[in-house]
Amino acid sequence: MKAALFIPCYVDQFYPKAAIAAYELLQKLGCYVDFPMKQTCCGQPMANSGYQHLTEGCDANFIANFAGFDYIVCPSGSCVMHVKEHLHSDTNKELAAKLRSSVYELTEFITDILKIESIEGDFPFRVGMHQSCHGQRGLKLSQMSELNAPFFSKPGQLLTKIKGIDLVSLSRKDECCGFGGTFCVTEEAISVKMGQDRIKDHEKHHVDYITGVDMSCLMHLEGILKRQKSPIKTIHIAEILNTFKV
Amino acid sequence: MSSNKTIPHSEAAAIFNKNEERVNWHDETLWFVREKRDKSAHQIPEWELLRETASQIKLNVLSNIHDYLVEFETNAQKNGIIVHWAANAEEHNVIVHSILEKNNIKQMVKSKSMLTEECHLNDYLTERGIDVIDSDLGERIVQLRNEPPSHIVLPAIHLKKEDVSETFHEHLGTEKGNIDPQYLTESARHHLRDVFLTRKAALTGVNFAVAETGEFVVCTNEGNADMGAHLADVHIACMGFEKLIPKREHLGVFLRLLARSATGQPITTFSSHFKKPREGKEIHVVIVDNGRSEQLGREEFRNSLKCIRCGACMNTCPVYRRSGGHSYHNAVAGPIGSILAPNLDMKKNADLPFASTLCGSCTNVCPVKIDIHDQLYKWRQVLVKEGYTPKAKTIAMKTMAAVLANPMVFEIVGKSGRFAMKNLPGLVNNKLNKWYDQREMPEVPEESFKEWYKKNSKSAKGKNDEQ
Amino acid sequence: MMSSKESILQKIKQNQPKDLNELPNLEPLKESNLDVLEQYKTILKSIGGDFAEVSSYAEIVAFVKENFDISKRILTTLPELSEVANLEWTNDDPHSLQNAEQILVKAHFGVAENSALWVTDEIMGQRVSTFIPQYLAIIVNKKDIVAKMHQAYDRIGNQEYGFGTFIAGPSKTADIEQSLVLGAHGARGLTVFILG
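Chains as they are written, first to last, in the working numbering: chain W, 9 to 254; chain B, 2 to 468; chain Z, -18 to 177.
Please keep in mind that the hints were generated in silico from the structure rather than gathered at the bench.
One should not assume that every hint holds.
[Unchecked claim] Here are the computed lysine-lysine pairs in the BS3-like style, where the Cα-Cα straight-line distance is at most 27 angstroms: (1) B:Lys386 - B:Lys349; (2) B:Lys370 - Z:Lys(-1); (3) B:Lys399 - W:Lys46; (4) B:Lys435 - W:Lys208; (5) B:Lys379 - W:Lys101; (6) W:Lys234 - B:Lys435; (7) Z:Lys(-1) - B:Lys248; (8) Z:Lys(-14) - B:Lys282; (9) B:Lys201 - B:Lys282; (10) Z:Lys11 - B:Lys37; (11) B:Lys162 - B:Lys37; (12) B:Lys432 - W:Lys237; (13) B:Lys455 - B:Lys423; (14) B:Lys459 - W:Lys46.
[As the list claims (entries may be wrong)] Among the chain W residues that face chain B by a calculated CB cut under 10 angstroms, a handful are: (15) Tyr18; (16) Gln21; (17) Ala68; (18) Glu93; (19) Cys184; (20) Phe187; (21) Met227.
Model, not experiment: these values are computed from the prediction.
Beta carbons: idealized from backbone N, C-alpha and C, even for Gly.
Let the hints inform the model, and build the full structure from the sequences given.
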């Protein structure tokens, strides 16, 4: 299967390890992976700040990069949600619509398209899963605690066969970490407090690592952990799954 | 309580966060209410269908509200209820005052009505020599402290029992330092019983008004609305016009949802249906617009009028729980307040739709399925277009958009940015960088993914020349 | 000049959606396999109410003598209870009921899912009567407990009343630090006599 890898701008710049893991993992799972070189950003930082009208350039660039692909895979639920809901083009409406329905978050691509139920990697650590809101509530990667509906978790399911992993059950299963895009600086006090509180929940369960499908949440939590000189580390789920050996 | 100087949400929230113990208590207490709501909702197998049904009823109401209002008025009048119409807050206050004047009444007891908070009725009446006493315990507490409620269902949730004890000691003469909630509630019971027994007029809110029958329903746990209304000669009930529902049988749907969503109770203690006045007594209903018809015309935001004021979105909101109701400087706080308030005053409330991470939990708990977080996103777009965001932000966003739209510039900026972060940390790790106040910057990698890919991927080899 | 009513209605007509959204079907919500009596009792206990299962009014009279302070003012609208409660108050000034210790009335029916009891002014004697006494007791026939609120409104149908209310448990508040206190303004306790 041929898939295009979409690596969000900040992951490209600051977290190449997560991007490399996603790239290698998809190849191990049998995909032919292409990475269009001129991609930048989905436009979400502007749009969530109320400047969706300034994202035309980003949209056009995204469309130019990914026009030829049936599957666009991205290791960030938030960016995927933005593309799914807001990618548009005045000049090529059909193409924009096609791309909106072709973009997948990494774990949902693995479970829903590649039809792989779990991955046998090796990660002998105690791990807390941070449910990033846009992946969870936006893309419905996992069941949401507010709803009266059966449980499921696509990223959680992929981790079940990782050797040695001890996945903890958090007290607040899907509370937001407080990153929220520009919210993290415009509402700095609340953003940090939310992050600190999330970390306390993980600490209470003695985790070695906090993982998740969104590097932006992890970047925020990592920033607080480091300031607190905490031994807890953050790691993108792709890096755990990529411990899988063919 | 005056609105002439509004502290932006982010600043008020930062002040609220100075007392960490208090913030933690506020967060945990409201989270506990959210958990009670979950437990209650999960006991109803058809819960999600119930929400969907309620949503459809409300959508029907919004699409036919003109006729339902006419039908309600006709039926209410047949029942002997006097119906008034108020275009705005001022007219609402004038109507209430004129009813009191006509009956020569100087003292009124009031049960919870967020609408009267929205209209600032208490201030208006007090200025005209009317003594108004709020009878809901939480509302009485904040009234004595000269504060507005901080939550639509739990008005005094920002206060601790020590605060209440102080206030009651000062105003009701309770023992100094006695912080027992049982004792404090009992004291309020005695104080307010005297009020109920001596007031000739009682004002209540309205939870639901039924077009088919011309009756209206008021829900309380304390029984204060009933104590007031059944002992007074004149009962004034104030409602926003969106409180209408088509038929009596629809109450079955909403009464199942309201208390479970609000506090996790299966129903409020009292769900009182007022259809006709007692013999020789009066019931007045004041139907208020105050911006609602305008909101009805905003296609993207009209669904906010489905709200039944349960407060579930506040209890679940991680931002509300950590910033407190007063930081929203609006009668209705939290997520729902943030999509209602800009309609009333865009300039004053331009900060509110940004006081959210758009996590979406509010939308999931909403018993009438209002797309709250999507509306927050949409309000942001409107507020920017209407020019209510700071200029500096607009400039920054334009620069960012330009960089991100151009792959070549992006690469150069990215490279130099990483270079700067690595070699000149003073440029970013300083007071001007709000990220850095309480968080470290990400560690700068040797190379970006793109750079790695160029070196390591076979398929990229041919593409290198393009860059 | 246009009245406020006219201007509001005109603006609403102009701004409401042009297409009518249909009302949903409520029938699927009515399905239930609840054990109504058990559910009723469980919920009532959980919200601070109490119950006694009785087979006759004589048993209620005995219960009242045994458990309530009959030296205080006890009101009822039920002639069957005249031995322990007063019937002559329904035309009095409602304020005069403020010293009532207890009232006993009979509900039209109860609802299992939330333990609410439906009472109307016809059986309350006075509207304030179920709010102003210190304690409240309500009788309901065992066969008159329905499963859910949908059945409750089916049962109410087009019933005429000036005032009606669902009562579920004693009056309560948690407005001080979310600490539950029974007896906010209304009854401090509720006893339900399940009759039959």
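Hints, verified against the model:
| no. | hint | in the structure |
| --- | --- | --- |
| 1 | B:Lys386 - B:Lys349 | holds, 16 angstroms |
| 2 | B:Lys370 - Z:Lys(-1) | holds, 21 angstroms |
| 3 | B:Lys399 - W:Lys46 | holds, 20 angstroms |
| 4 | B:Lys435 - W:Lys208 | holds, 22 angstroms |
| 5 | B:Lys379 - W:Lys101 | holds, 21 angstroms |
| 6 | W:Lys234 - B:Lys435 | holds, 16 angstroms |
| 7 | Z:Lys(-1) - B:Lys248 | holds, 21 angstroms |
| 8 | Z:Lys(-14) - B:Lys282 | holds, 24 angstroms |
| 9 | B:Lys201 - B:Lys282 | holds, 10 angstroms |
| 10 | Z:Lys11 - B:Lys37 | holds, 24 angstroms |
| 11 | B:Lys162 - B:Lys37 | holds, 22 angstroms |
| 12 | B:Lys432 - W:Lys237 | holds, 20 angstroms |
| 13 | B:Lys455 - B:Lys423 | holds, 22 angstroms |
| 14 | B:Lys459 - W:Lys46 | holds, 17 angstroms |
| 15 | Tyr18 | holds, 8 angstroms |
| 16 | Gln21 | holds, 5 angstroms |
| 17 | Ala68 | holds, 7 angstroms |
| 18 | Glu93 | holds, 9 angstroms |
| 19 | Cys184 | holds, 4 angstroms |
| 20 | Phe187 | holds, 7 angstroms |
| 21 | Met227 | holds, 6 angstroms |
When the structure is compared with the earlier hints, no violation turns up for any of them.
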